[in-house]
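Student: Just so you know, the protein sequences line up as chains A and B, in that order. Using full-length UniProt numbering, read the first sequence as starting at 1 and increasing by one per residue. Using full-length UniProt numbering, read the second sequence as starting at 1 and increasing by one per residue.
The set of hints was computed from the structure by calculation and includes no laboratory data. A couple of the hints might just be wrong.
You can't tell identical chains apart in this list, so a pair holds if it fits in one copy or across any two.
Taking lysine-lysine and the DSS-like style, the derived pairs with C-alpha atoms no more than 25 Å apart in a straight line are [as the list claims (entries may be wrong)]: (1) K453 - K421; (2) K185 - K486; (3) K185 - K568; (4) K421 - K486; (5) K262 - K190; (6) K328 - K611; (7) K511 - K307; (8) K328 - K515.
Everything numeric in this text was worked out from a predicted model, so none of it was measured.
Each chain, written out:
Protein chains: 2
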Amino acid sequence: MKNILKSTLVLLSVLVAFTSCDNASSKSNSGALSSSAAEKVYVAPGEHDEFYAFISGGFSGQLSVYGLPSGRLFKVIPVFSQDAEKAYGYNEETKPMLNTSHGFVPWDDAHHPDISQTNGVVDGRWVFINGNNTPRIAKIDLSTFETTEIIEVPNSAGNHSSSFVTENSEYVVAGTRFSVPIPQKDMPIKDYKGNFKGSLSFISIDPEHGHMDIKFQLIMPGFDYDLSHPGRGKSHGWFFFTTYNTEEASTLMEVNASQNDKDFIAAVNWKKIEEYVNNGGGTMMPANYAHNVYDEATHSATSTMKKEVRIVNPLDVPGAVYFLPTPKSPHGCDVDPTGEYIVGNGKLSANLTVHSFTKMLNAIENNKVAGDAYGIPILNFEDVLAGVVEQPGLGPLHTEFDGKGNAYTTFFISSEVVKWKLGTWEVVDRQPCYYSVGHLMIPGGNSQKPFGKYVVAMNKITKDRYLPTGPEVTQSAQLYDISGEKMELLLDFPTVGEPHYAAGCPADLVKPRSKKLFKLEDNKHPYATLNEADAKVVRDGKTVHVYMTTIRSHFAPDNIEGIKVGDKVYFHITNLEQDYDVPHGVSMIGANTSELLIMPGQTETFLWEPKQIGVWPFYCTDFCSALHQEMQGYVRVSPANSNTPLKWSLGEDIE
Amino acid sequence: MKNILKSTLVLLSVLVAFTSCDNASSKSNSGALSSSAAEKVYVAPGEHDEFYAFISGGFSGQLSVYGLPSGRLFKVIPVFSQDAEKAYGYNEETKPMLNTSHGFVPWDDAHHPDISQTNGVVDGRWVFINGNNTPRIAKIDLSTFETTEIIEVPNSAGNHSSSFVTENSEYVVAGTRFSVPIPQKDMPIKDYKGNFKGSLSFISIDPEHGHMDIKFQLIMPGFDYDLSHPGRGKSHGWFFFTTYNTEEASTLMEVNASQNDKDFIAAVNWKKIEEYVNNGGGTMMPANYAHNVYDEATHSATSTMKKEVRIVNPLDVPGAVYFLPTPKSPHGCDVDPTGEYIVGNGKLSANLTVHSFTKMLNAIENNKVAGDAYGIPILNFEDVLAGVVEQPGLGPLHTEFDGKGNAYTTFFISSEVVKWKLGTWEVVDRQPCYYSVGHLMIPGGNSQKPFGKYVVAMNKITKDRYLPTGPEVTQSAQLYDISGEKMELLLDFPTVGEPHYAAGCPADLVKPRSKKLFKLEDNKHPYATLNEADAKVVRDGKTVHVYMTTIRSHFAPDNIEGIKVGDKVYFHITNLEQDYDVPHGVSMIGANTSELLIMPGQTETFLWEPKQIGVWPFYCTDFCSALHQEMQGYVRVSPANSNTPLKWSLGEDIE
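All chains should be built: construct the whole structure from the sequences, respecting the hints.
Tutor: Following this line, the structure appears as C-alpha cells:
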C-alpha cells in the first residue's frame, strides 16, 4: 500500500512541479504586446471604468470591488473577517454579524460571489458570497456596498459549491465540500464511508429585501461537492454540482480521492423538491445556526440563533436527483448561456467533458440508468454526453462564456486560458497565464447574457511578476481583451487577498443604485444624536453612554469629566454631515478596539473601558477639513471612588 | 464669547465649503491629457515598476506597498491593526506585537512612513512608521516586508510629529501632538494651560539590527507638535517641529487654537542633548510602555513592559531648543536637500514661510532673542526668514523637493500642487488635485538625494473620481510627471486606507534585499516540525499541542482523534515547502480566530477550543497545487469525560 502511495505521489509531484516552474518567457512575451494595450486599460483621470468586477478575497474573507479595464481597486467590502479600518466586527453595531453557532468567528474563506438575477440577466441588486470554513452565506447590498445579511449553514463543512443564484434569484445555493456526520456526533473517522453525508442547501431569497431563509437541505452521499451552477433558460429549475472523492476516502486525499476514473455531476431538480416541500415534504431537524441581519435604518445588526432546519432525503423525491458520470475529480460545473450545455472541468482529466441537458432529460425520460449510488440513479456517460474538447490543456478548472458561442476554460497545470467553440468543440485560441490560473470571469458570464468584452484570469502563483515584497508576494489577476477572434493579454493587476472567484457587470447597472449618504432624518439608531444641542453623557451605574456628534470640525461634547476607572463607556457617535464623502473617524487612546469610521448620517458605537486615571485625548481620524487637526477632545478619568461630577462641554471650560 | 465663536465658524465654513465642492471641470480636463499619459504609467505584463512607494494607510493602521508609475498595490503590510488574512494579531506568534500599556490594542492610525538613511541618502533597509492614537513607532524590515518591532511611546498623546529618521538613522523621532499631564494625573481639563506638556522622543536605532530604544524625551510646553523633519547636510544634528495651539486652548480647538498670527517651529539641537545625556544628563522617570520585537529565527514576537524613561528638561541644556515664529498653525515642517531651508507650511496663512538655517545659527550666535516661551528662547521672525512664497495658494500643508532646486507644495483648500523655486521663491507651475490634497511624496524627498521624476499627491476627498461604492468611496492618490518644467497629471489611483503620507525609493535599492523564503534549517520556532516524520500530537492536561506539517498537498497528520470538549488545542504548523511563493493556509471550522497563512519554512500557531463533539474538518486555504482541494483533514472531538485515546495518522486509518 505504501509503495503504491509513493508512486502515485511521484506522478503528482511532476504535475505540481510543472505548475511551480518560473516561466522564463514572460518578459520576452511582454515585448510582443501591441502598444495599444496601454491605451485599452488606461482610464484617464476623471473618467470611469466600464465594468464592476466583484472579486472575492479568498482567504482574506472579504469581497473586493475593482473597475475594468483599469484593474483598480475601489473598495474592500468587509464580509466574513474583522476590519479594523472600518470597525466591522469591532463596533457594537456590526459585532453580531460575525456570530455563529461556534461563537464569534472573526475570519472566513470567502469564495464565490454571484450577482442577483432577474429573468436570467444580472440585475445589480445584491452580491451573494460563501464563507467556506465556518459555513455561511452573506449578502452584500449594492446600494451601500455593505454586507447586510449572513446566514450560517448547518450540517455543512467546507461550504464550497456555493453561493450561486438561480435565474430569478429564487434561491442562493450552498453545497458542502466535506462530508461530516449529520447530525454531528463523536465517531471514528475511519467509519466515514456510508456514514458521513453531504448537504446541498437551497436558501430562498425574498424578492423585495433579499432576506435569506433556508428552504430545505438535501442530504446526499458522503462525496465532496466541489462547485455548482444553476440551470438557465431551458434548464431553469435544475442545479448542477460537481463531485469528487466518490471513493469516500478519509485520509491522504490527494491520493485516495483520485482513484476513480469518473466522479459525478449531480443534477438536482429543485423545482420538484420545492413542490414536495411546499406540500409538507421533508423533516424538521434540530440544528443551531446563526442568522445575522444588518438594518440600514438602525445602522445595527442583530443575530438570531435558529433552532431547526428542513431536511430532504433525495430518495423520498423520485426523479429529483441524478448522477452524471464525469472524468476525473471535476472542479468547475458551468452552464452555458442557453442552459443546454453543462461543462465538467475534470481537473485530473486530459479532456473536457460537456454534458447535454436535452440528452439528460431524454435519458431520464427513457429511464436509461446505469446503476445507483446510495439509491440515487446514475445515468450512462454516453447518454448525456454533448461532446468532448480533446486535449485542450492540463488541469481544467473553470469555464465561462461570451454569449457569442465561445467558451473560455482555465487550465491550472498548463497555466493558460483556452478558447473553444460550443457545439464544434474545437479549440480556437490559447493564451498563457502567469501563473497557474484558477478561476476566470466574464461579466455576466453566469447568466443568459454575458458581456463578452473582457475576461479576467485569477492566478494562484505570482512569483516574479511584480516588484518583490519578501516571502509573501501579491496575488494577481490578468485581463484579456476577448472582443476579437484571438484573445489579447492587456494587463497584470495585483489583488488584495486571493482573487479566488469573481462576478462582474456593466457599471451602468449599479451606478444609479449607489447611495451617496445616509439621511439623518432616517436614522433610527437607538442612541443617535440628531442635533448637536442634544449631545449629552448619561451614567447608569458603572455604564456610561456618551451621545456625541461630529461635524466639521468638532465633536460635541469635546470635553468630558466624571468618568471613572472601571466604567464601561459607550461612545455613540452620530456624523451630522449631509454631504457626499465626508466621513469622520474616532477612537480613544488605548482603546482595546478599532476606530469608528462614520459615514454622513450614520451612528456608530465603540466601548471604552478606561484602566488608568488621567486626561486622555480623542480625535478625528479621517482628514475632514482644513481644521481637521483641531478636531479633538479630552476625557478626564478619575479613580473609581472619586466624586468628580459627570460633566461635559463644548467651547467652554468645565467648572 | 459665543457670538465671536459663531462668526469665526462662519468664516471657517466658507473655507470648508470651498474644499467640498465637486470640481465640475474634472472630466473636461482629462480630455486635454496627452495620449502618452497612458504609455507613461503602463507597466507591461512581466515588467517591473521603477519605484517603490510606501504609503501609510492612515486610519487603516497599515503600510501599503505600491509600484510607481503604475499605481498598483503589491502588499498591505500589517503594522498596527489586526489582519485576519495574514493572521497578524491573531496567531500566537504575532499577538504580542499589539500589546501596550493599555493592554491589547488591535488598531491604530498609521501616519508617516520614513525610510532609513545612510549618509543622508535613503538606504532601503527599514521603514519606520508612527501609530498616532496609542503612541507607538513601528519598524518594517524590507527584506521580509514585515513589521519586526513596535515600541510604545510613553508621556505622549496623538503621536503625530513622527516618525522621521536622521540622516544616518541615528534616531527615529516621535513628537506628541496633544499635550497631556506628564506624568498622567486626574486633573481638571480647564487647568491645561501651563500644566499639560508635550514630549519629543528621540529613539535610537541600532545600526546593525535596527532595534529601537528611547534615548531621551524632551519635555516641552503644552503646544501641539504637528509635524517634523530632521536637519541634513549643514543642519545635521538639528530637528525641526511645527507647533500649533500655542494658545494652549483646551476646547473648541478649531476656533480657540487658531487665534495667534504666528505659532512656532521648534528647532532642537539633538546632538547637544545627546552629549548632555551621554554625560548622565536628564532624569529617569517611571513609565510603563511596551517594547515588542518579532524575531525572524523563532518566527515569534515577545513583548516586554519597560518601566522607566529618561526625560530632559530643555531649560537644563542651554542652546538646545529655540522657537522660530511661523505663520499660522503650520502643518508640514520640511527641510530641503541641502539642509539650508526649513519650510513652514502655515495652513491658515496666505503665504509660505521659509526659514534659513544659516540665519538661525547667526541669530543664535548673536543672541538675538525676541522673548521666551516657558523659558525657551524665541528668535525674531525677520532674523531667521529666508524668504516668502507670496500667495501661492490656500491652505499649504506639505512641501517636498526634487533635488534640482524646486519645491512642490500641496494646498488643501485650493486643491493643488504648486511648484516653486528655492531661493527666488517664484511660483513656476501649479496643477489641480482631485480633491483636497494633503501630503505629497517624491521618492527620496526627505533626504539629500531626491529622485525627482514623479510626485504623488495624496488626496482627502474623492467623490466622483471613480465608480461609486455607496456612501464610503475609495481614498485616492494622483501621480504627476515632474521630469519637465511643467508638471503633468498622469494617473488617478485609488488606495486602501487613507493615503496619508508616503516614502519612496528606487526599486533597485530594495529588490536585492527581498527574501524569497525562510530557510527551514534556520527555523528556531520552539514548536517547529522540520520533518513530516516528526509530526505528532502531545497532550499536557487539558492543553494539546499539535505538531503539524504542510507540503503539497497534504497535512501531517491529517486525522486526529482523542481531542475533547474543553481542551485548548494549539496547532503549530510548519510549512515544509522551500520554493518561492508556495504558502499554505489553514483554519479549523468554527475556530474563534483567523486562518494561518504560512510562508515556506515558517511555523505559525493558532489556538482552537472545541465546544461541540463531532468530526470537524480543516483544509488548506491557499490554492497550492492541482490537488489543493484534496488537502484536508479531520479532528474528532469527543466529550470531556471520554476515553477516546489520543491518536493521529496520515494515509492510514486510526484504529
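Student: None of the hints should be skipped; say for each whether it holds.
Tutor: Hints and how they fare:
1. Taking the shortest Cα distances, K453 and K421 sit within 25 Å of each other inside one copy (16 Å), while across copies they are farther apart (48 Å).
2. Taking identical chains as interchangeable, the C-alpha atoms of K185 and K486 are never at most 25 Å apart, the minima being 54 Å within one chain and 73 Å between chains.
3. In this assembly of identical chains, the alpha carbons of K185 and K568 lie at most 25 Å apart only when taken from different copies (20 Å versus 41 Å within one copy).
4. Proximity of K421 to K486 under the C-alpha cut-off of 25 Å is restricted to the intra-copy arrangement: shortest distance 13 Å within a copy versus 52 Å between copies.
5. Taking CA atoms no more than 25 Å apart as the test, K262 paired with K190 passes inside one copy only; the shortest distance there is 23 Å, against 79 Å between copies.
6. In this homomeric assembly, K328 and K611 never come within 25 Å of each other (Cα to Cα): the closest approach is 60 Å inside a single copy and 37 Å across copies.
7. Proximity of K511 to K307 under the C-alpha cut-off of 25 Å is found in neither arrangement, the shortest distances being 39 Å within a copy and 55 Å between copies.
8. For the identical chains of this complex, K328 and K515 are neighbours neither inside a copy (46 Å) nor across copies (38 Å), given an alpha-carbon limit of 25 Å.
The structure shown violates the earlier hints numbered 2, 6, 7, 8.
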